Each structure stands twice: as C-alpha cells, then as structure tokens.
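2 protein chains.
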Amino acid sequence: MYYIGIDLGGTNIAAGIVDEEGKILKKGSVPTGAHRHYTEIMKDMAQLSLDLVKECGLTLDDIHSVGIGSPGTPDNEKGMILYSNNIAFLNVPMREEIQKYIPKPVNIENDANCAAYGEYIAGGAKGTKISVTITLGTGIGGGIIIDGKIYTGAHHAGAELGHMVICVDGEQCTCGRRGCWEAYASATALIRMTREAAARDINGTIMKLVNGDISKIDAKTAFDAKRMGDSVGAAIVDKYVKYLAEGLVNVCNIFEPEVICIGGGVSKEGEYLLEPVRKLVYEKFYCKQVPMPKIIPAVLGNDAGIIGAALLAKQL
Amino acid sequence: MYYIGIDLGGTNIAAGIVDEEGKILKKGSVPTGAHRHYTEIMKDMAQLSLDLVKECGLTLDDIHSVGIGSPGTPDNEKGMILYSNNIAFLNVPMREEIQKYIPKPVNIENDANCAAYGEYIAGGAKGTKISVTITLGTGIGGGIIIDGKIYTGAHHAGAELGHMVICVDGEQCTCGRRGCWEAYASATALIRMTREAAARDINGTIMKLVNGDISKIDAKTAFDAKRMGDSVGAAIVDKYVKYLAEGLVNVCNIFEPEVICIGGGVSKEGEYLLEPVRKLVYEKFYCKQVPMPKIIPAVLGNDAGIIGAALLAKQL
Chain A
1 MYYIGIDLGG
11 TNIAAGIVDE
21 EGKILKKGSV
31 PTGAHRHYTE
41 IMKDMAQLSL
51 DLVKECGLTL
61 DDIHSVGIGS
71 PGTPDNEKGM
81 ILYSNNIAFL
91 NVPMREEIQK
101 YIPKPVNIEN
111 DANCAAYGEY
121 IAGGAKGTKI
131 SVTITLGTGI
141 GGGIIIDGKI
151 YTGAHHAGAE
161 LGHMVICVDG
171 EQCTCGRRGC
181 WEAYASATAL
191 IRMTREAAAR
201 DINGTIMKLV
211 NGDISKIDAK
221 TAFDAKRMGD
231 SVGAAIVDKY
241 VKYLAEGLVN
251 VCNIFEPEVI
261 CIGGGVSKEG
271 EYLLEPVRKL
281 VYEKFYCKQV
291 PMPKIIPAVL
301 GNDAGIIGAA
311 LLAKQL
Chain B
1 MYYIGIDLGG
11 TNIAAGIVDE
21 EGKILKKGSV
31 PTGAHRHYTE
41 IMKDMAQLSL
51 DLVKECGLTL
61 DDIHSVGIGS
71 PGTPDNEKGM
81 ILYSNNIAFL
91 NVPMREEIQK
101 YIPKPVNIEN
111 DANCAAYGEY
121 IAGGAKGTKI
131 SVTITLGTGI
141 GGGIIIDGKI
151 YTGAHHAGAE
161 LGHMVICVDG
171 EQCTCGRRGC
181 WEAYASATAL
191 IRMTREAAAR
201 DINGTIMKLV
211 NGDISKIDAK
221 TAFDAKRMGD
231 SVGAAIVDKY
241 VKYLAEGLVN
251 VCNIFEPEVI
261 CIGGGVSKEG
271 EYLLEPVRKL
281 VYEKFYCKQV
291 PMPKIIPAVL
301 GNDAGIIGAA
311 LLAKQL
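Top line first, the protein sequences correspond to chains A and B. Counting from 1, position 229 in the first sequence corresponds to residue 229 in this note's numbering; the numbering is continuous, with no gaps. Counting from 1, position 120 in the second sequence corresponds to residue 120 in this note's numbering; the numbering is continuous, with no gaps.
Next comes chain A alone, as it looks inside the complex (with noise of 0.2 Å):
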C-alpha cells in the first residue's frame, strides 16, 4: 500500500505518494492562497494528491490512507484543525473536506510533529526511541517522538517547545508571552538582532552585503558577514548561538533524548552552526555521566513533513 503526504504550509501545500518505508515516489506543490477559504483550500490539497496518484499510475485502491501535517493544534479525533494563526483557521472540518474528494482515512497532526516524525520514520532520528526534531524557522517548532508514537500532550496542546520562556520579561513573542525561546532563536529572531545590529553599524560589512537594504537582511547574513570576518557579524553569530544552545539544554534536561535534528532555514548553515552549539551544550547539559544527546541536521528537509504525514496512520 501507498501513502499521500500532505504538508500544508502559509505558502505552499506540498505532497507526496510514499511507501512503507517512508520513501516519496513523486512529490509536487501548488500555492496555498491562504487567505481564501479553507474549503478551497482543501479542494487544492485533495487535487494535488489525486494528481501525484494518477502520476504514480496507481488509483485510490492502491492507497492506505491520507496524513495531512497542518499548522496550528489538530484535533484528530473529530478531524478538524481546533486553531491556526499562520493560517487563520478556526474549528476546520479538516478531515470531512479531504474526504468529499478522497474516500480515504484522513489523519491530521500539527506540521512541527509531523516533520519530526519523519525524521523518526526515514530521518536523522532513525532508530531511536527518544528524539526531537527542533525547527528554526518563523517560528520555532519542536516535535517530539517517544517510542515511536508522536508525544503531543493530553489533548495535543503540548511539544510548543518555542513558547518555552528562556527569558523572564525578555522579548515579546508572538503567543503573548515574553522571553520565548521563538523569540530568541527563530531565524525571525536571528533577522530581528541581525537588523538592530546592522542600523547601529549602518557603514558596516553587513550593510554592505545587502547593499545598504536593511530590509534585505535574511537570516543568512550575520553568517555571511560572520564568515567575512566581521566582527559585528560575529557577534551576532554568538548572541544566537547561545541562546539556541540555551533552549537545547533545556530540551536535553527535559527530555534526554538520543537524538535532536536540527531543521528549518537557519540549520543549513550546517556545522558552522551546530559544532558550536553542540559545545555549549556539552557543556551545560545537567548530567555528566550519561552519553550526550546527538545534536544533527534534520536530513530530510522538507519532506521530512511530507514522509511524517504519510505515516501517520502508522503510529496509531
């Protein structure tokens, strides 16, 4: 049997046809529009995946079932999407709109957990019976796998591992709180500290690499100007290294897992970033006598969401 994937973003719907083992047979995209109405909206996520079956050359016999990896809280059981700010759902019939165009089983998980599941299934976490999958993008997403199974909390409210406060009365996030690790370590964050560096040194080098456009800067720049030399781009590099390593010891003193994949925009600067980070954590983890948690890149990138979703219908 087959599986569709389907990974809905603010920007994008991807999905795919994957096998047992987690490999995407073909994969495709369209635009999500996301401020039209979730019912043409589903209508494309459900089109797409009609499309990738036929571009298989299997028919709906050949598939199992449907996983979907949203933002905002799911709630499986009724098949709807409870809320979403990203896009703005409220109370989504997820589940019975999939289900006009595709007579399938439709599983819905929040898109952070359906990432880390596929890192578990055919990823960096591969294997383990505790990981984390920890996602520095707008925001930062965690997703976390305990013997196999998505831990998602008593009514899958929990794993909001960027709405952990690492600052008391720090910087104001999103979700109302102060201090959130998103707030710190999101490659939104990394843009924020990157840009009030940048006005401060206005003839600097990374003013210079984004040619004067403060609104240029990308969550890539500081690296860039990092790698250049400078010393401004350094410091930033630093400031963000620490305060992401600070959240990753916290994740490894709640949850010791084997494994922490390390996704999203920001991970790709790869060992420039995390052989840093990985000291810092050695360093402050709390027990000294157990074998270090594994930091590593999450492998998958973005299919890693696609492959979750699929087999979802697995760990149920």
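Since the hints were made in silico from the structure, they are not lab data. Treat the numbers as computed from the prediction; the structure is a model and nothing was measured. Do not rely on the hints blindly, as some may be mistaken.
Treat identical chains as interchangeable: a pair holds within one or across any two.
[As the list claims (entries may be wrong)] Heads up, simulated DSS-like pairs for lysine-lysine below, C-alpha to C-alpha not over 27 Å straight-line:
| id | residue 1 | residue 2 |
| --- | --- | --- |
| 1 | 294 | 314 |
| 2 | 27 | 54 |
| 3 | 288 | 78 |
| 4 | 149 | 126 |
| 5 | 242 | 220 |
| 6 | 294 | 78 |
| 7 | 78 | 284 |
| 8 | 220 | 268 |
| 9 | 27 | 100 |
Chain B: place on chain A using the hints.
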C-alpha cells in the same frame, strides 16, 4: 503481596510497607547519616524495612519487591546510583547492597520520579494519562508520568525540570548554569529572596517576625509577612509566584499534562500560593482551545515517595 518502599533523603531514610493499591500499612524512618559510607546507609535502609515487615506481622514471603527512591541519577538496569551530589554517591551498587539483607527484586528510581509516580498511583494525579509533579524544596524536583510510566529520558537523565533555564544569565544555580527555574522558584530561592529583602528593610515586618535574626527566615516568612499586610512580604511573594508560574507555563506548553501536582515545603501555603499561580498560568498558556491543565496540591505529602518507590515494580 506487599511492597517495600524506601525514600532515601539527605536527612532521613523513610520506608513503608505498601499494598497493591498504594496504601501504606506501616511506615517509619531513621536518620540517613549521609556522611557515612554507602554500605552503612544501605544497611540501615534494609534494617528499617525488615523491622517494618515484622511489625506488620509479615514475612519476606509476603513481599513482592523493594523499590527505592534516591536522589541523583539511577541506573535501574545496573541497579546503581550513577551520581548524586545531595548524598555523595558515585557508581554505588545499591541493589547489590540491599539484596545482601533482602533477597528480593530491587528497583531504583530518582526520588522526584517516585513522588510523581506515587501521586499518580494513589494521589492527586490518579486516573490521568499525563501528569507532572513538581516538588518545591531545596531544589525543584520534577516527575513526569505518561501513560502510567515514569518518563526519564534515554538514560534516566531527563525530567530535570528544575534545571530548565527561565532567565538566561540569571541567578547562579548549583548545577553550574545560570538562571535555572530552581534558582528562582525553589524553597531555597524563596528564602534567598526573603533574606535579601529583609537586609534592605532592617526595621520591617520580616525582621520582626524572626526577632532580628535573618538566619531564621524560612520559606514561610514572606508569606506570613504578606498575610500581615506587609508590602515587602507581598512583593516577595508576588515575585516568587511569577517565577513559579513562568516555569509552570513552560511545563504546560511542553507537556500539556492533565494535572500538575505541586508538592514540597512551599506547597503547604495551599491556595494562598496556588490561586495566584493558576491565574498567571492560565493567562499565559499557549493554547486557549483545550481544557487548562489542573494545578493542585500534591495530596500524599512525604508518603508519595514511599508509595511510588514501593510500586515501581508495577510499571516496569
């Protein structure tokens, strides 16, 4: 069958004979004498247990197993305490020592985990799928129960909730990091904050409460001062409540438990502490679409550790 539960503390060894339902038939305690060689301490643990068995009119034939809650990092596979800094243990063969006197299966677990498991078996978290027990004492102990099992991480080094940094670069913690929750919301932290405030308000209510002897300030003093209408005491309590709540919101966002049981010395303040804590936690919890985690006092007090240790065999 009956179970022996031993709660090894820095000051006292407490033990009890416990039935299948988690009821204590008889309990007792002896001083730990923590400075002594571990063989002496464990001999006393065993002797206390054997005395209790006899006092219950039982023999070892009635005993299923022994469970021990110990400070530090246990390795139940090896039957050892890998490390503890509270009582100075390094690779101590606890199971072997106890079995010299009591030839029964011996399970070893961290003391905070035992307390959490006791609350799950017979206390405030009974019947829940996910619960967390927080002990506000010398440090902050955390115990996490998921689906009837103690969550400990890949090698028993997780669930160190007290060593979650909530203020990067904040107060020095005994673990070497700065800004751990424990450094702000343990009884020790509350006493430190009270003493600091008293030293600045030498003629105030707090100093009167301790007859001018700052060393007599304990975890109750600020609460007592607040109850008397003292603004300095009120400010300390408010600050303490805030830090306690910030950590609890983190716990909620990470685990989304059904119940959080609050134990340890400071929890004796009851609703005077918990009511304002609950208010802050519910204001700041990330997800508003699900039932709020209940925040309640741990109901078993010191018995939780004995009961949880005794019935460790049940969860394995």
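Structure-based check of each hint:
no., hint, verdict
1, 294 x 314, "within (26 Å within a copy, 32 Å between copies)"
2, 27 x 54, "within (12 Å within a copy, 70 Å between copies)"
3, 288 x 78, "between (44 Å within a copy, 17 Å between copies)"
4, 149 x 126, "both (13 Å within a copy, 23 Å between copies)"
5, 242 x 220, "within (17 Å within a copy, 37 Å between copies)"
6, 294 x 78, "between (36 Å within a copy, 23 Å between copies)"
7, 78 x 284, "between (42 Å within a copy, 26 Å between copies)"
8, 220 x 268, "within (9 Å within a copy, 51 Å between copies)"
9, 27 x 100, "within (22 Å within a copy, 63 Å between copies)"
Checked against the numbered hints above, the structure breaks none of them.
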